[in-house]
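Colleague: Each step along the sequence shown adds one to the number in the UniProt record's numbering, with nothing skipped, and position 240 is 240.
In case anyone wonders, no lab produced these hints; they're calculated from the structure.
A couple of the hints might just be wrong.
Simulated pairs of lysine-lysine, DSS-like, Cα-Cα distance not exceeding 27 Å [claimed, not checked]:
#	residue 1	residue 2
1	LYS196	LYS280
2	LYS21	LYS39
3	LYS39	LYS57
4	LYS57	LYS21
Now the in silico label distances, taken between C-beta atoms and shown as ranges [as the list claims (entries may be wrong)]:
#	residue 1	residue 2	range
5	TYR97	ASP40	21 to 31 Å
6	PRO229	TYR97	31 to 41 Å
7	SER344	THR131	42 to 52 Å
8	LYS39	ALA328	12 to 22 Å
9	ALA328	PRO42	16 to 26 Å
10	PRO147	ARG187	31 to 41 Å
11	GLN248	ARG117	24 to 34 Å
12	LYS196	SER332	40 to 50 Å
13	ILE239	ASN309	17 to 27 Å
The structure displayed is predicted, hence computed values, not measured ones.
Even glycine gets a Cβ: it sits at the ideal position worked out from N, Cα and C.
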Amino acid sequence: MDRRRTEKNEEALAQGRPTLKTLAFMTGLGVTTVSRALKDAPEIGAETRRRVQLVAKQIGYRPNRAGVRLRTGRTNVISLVLNTDREIMSFVSDIIYGVSEVLAETPYHLIVTPYSRSQDPLDPIRYLVETGSADGVIISRTQPNDPRARYMLEHGMPFATHGRTDMGLVHPYHDFDNHAFAVAAVRRLASRGRHKLALLSPPPGLTYYGHTLNGFADGLSEVGASEIPFNTVSIDHTIEQIRSRTAQVMRRENRPDGFVSSAAAATLAIVAGIEDAGLKLGRDVDVVSKQSSDLLHLFRPELLVVNENFRLAGSELARSVLGWIGGAAPGSLQSLSAASDVLSLSQAIS
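Generate the whole structure from the sequences, applying the supplied hints.
Modeller: Below, the structure is given as C-alpha cells:
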C-alpha cells in the first residue's frame, strides 16, 4: 500500500508543479482542508496545519498567482520601483533585503520594476496600475510634488515612499531625518575648529535636498560658520566630476576646511579631490559623511560618519504598504529615522 502511494505521489509531482490537489492527495485530506491549513485557519487543528505546511515545504508547493488573483482579486506581489541609472548598489541590496525580510512572513512576493534615465518615472507606475501587476508599490527618489504619488492616490493603489512629499496629501512613507543629519554634521565640524564649510548635497528636485539644505543653513547659523559654495555638483554626479570639482575648490585661497557629504560613494571622490590638491584629511580639512555600511573607515580612518540604515528603511516601507493593503489608515503608516551621532573611527567600529 505504501509503495503504491509513493509511486502515485511521484507521478503527481512529475506531471508539473505541485498544486492543492497534489497536497490533498499526499496528505489524505480534502482540498478545502488543505487550503485552510496553509492559511493557518483556526478551525483546522494545529497538528493538521503543521503536517500540511511541512509537506508543502518539502515538495516546493507555491500558490498559483493566476489562481490567487481569480479567487481574491490580489496578486500577492509588492513592486519596488527603482531607477537603474541613479540608485547605488548598496542602497539597492540593503533595501531589497529589508523588504524581503518582512515579506518572507507573508504570502507576498517582491518584484523589482526598473526604469532608466531616458524614461518618464511615471511610466512604470502606470504599467503596474493599468495591468494590475501588483497589490502595492514602493518608490524612492521622492519629489516634493511627486506625480507618481498623486497618480497612485487617484487610482487607489496602495504604496509607500522612501522619502516624503510636500503635496498636502497623506500617504505612507519612511524617511531619514536629513535636516538633523546636516545640523549635527555642522556642529561636529565646528567643534573641531572648522568654520568654512561646504555641502555636497542630494540632487535638486528631490525632497531630501531641501531638508539637507535647510539643516546645513540652520547649522551654519547656530555655530556662526560660513558656507563655501559647492553647488555645481551633487551626489548624482560622477565620481570624476566630484573629484575634479573638489580639487578645484581646494586649490583656492578661500577654500573649505570642512565638508558635509550626503553619500558615502561621493565622499570617496571628495577625499580624492582633497588629496589631489596636496592637502591632508584630518589636518587641513575634515569630512562628515552619511554611510549605510562600515566601509568608509577602511578607506580613510580620519572620516567622520553618520549611519543611515537602508535595511531598516526597506523593512519599514514593506510594513507600511502591507498595512495600507490590510486597511490601516495611511497617516498611521509614516516613520522617520533619527540621525545617529557623528561617529569617529573608534566609535564607528566599537
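Colleague: Are the hints correct? Go through all of them and say.
Modeller: Hints, one by one, checked against the model:
Restraint check for LYS196 and LYS280: satisfied, since their Cα atoms lie roughly 16 Å apart, inside the 27 Å limit. Between LYS21 and LYS39 the CA atoms are separated by roughly 16 Å; this keeps the pair inside 27 Å, and the hint holds. Annotation: proposed proximity of LYS39 to LYS57 holds, straight-line Cα distance about 14 Å (limit 27 Å). Under the criterion of a C-alpha separation no larger than 27 Å, the hint pairing LYS57 with LYS21 is consistent with the structure, at around 15 Å.
In this structure the supplied range 21 to 31 Å holds for TYR97 paired with ASP40, their Cβ-Cβ distance being about 26 Å. Our hint of 31 to 41 Å for PRO229 and TYR97 holds, since their Cβ atoms are close to 38 Å apart. Taking the beta carbon of each, SER344 and THR131 are about 50 Å apart, inside 42 to 52 Å as hinted. Range check, LYS39 to ALA328: about 21 Å between beta-carbon atoms, so the 12 to 22 Å window is met.
Against the hinted window of 16 to 26 Å, the Cβ-Cβ separation of ALA328 and PRO42 comes to about 22 Å, which satisfies the hint. PRO147 and ARG187 have their C-beta atoms about 37 Å apart, which keeps the hinted 31 to 41 Å range intact. For the pair GLN248 and ARG117, the beta carbons lie near 26 Å from each other, so the given range of 24 to 34 Å is met. LYS196 and SER332 have their C-beta atoms about 44 Å apart, which keeps the hinted 40 to 50 Å range intact.
At about 24 Å, the beta-carbon gap between ILE239 and ASN309 stays in the expected band of 17 to 27 Å.
Of the numbered hints given earlier, the model fails none.
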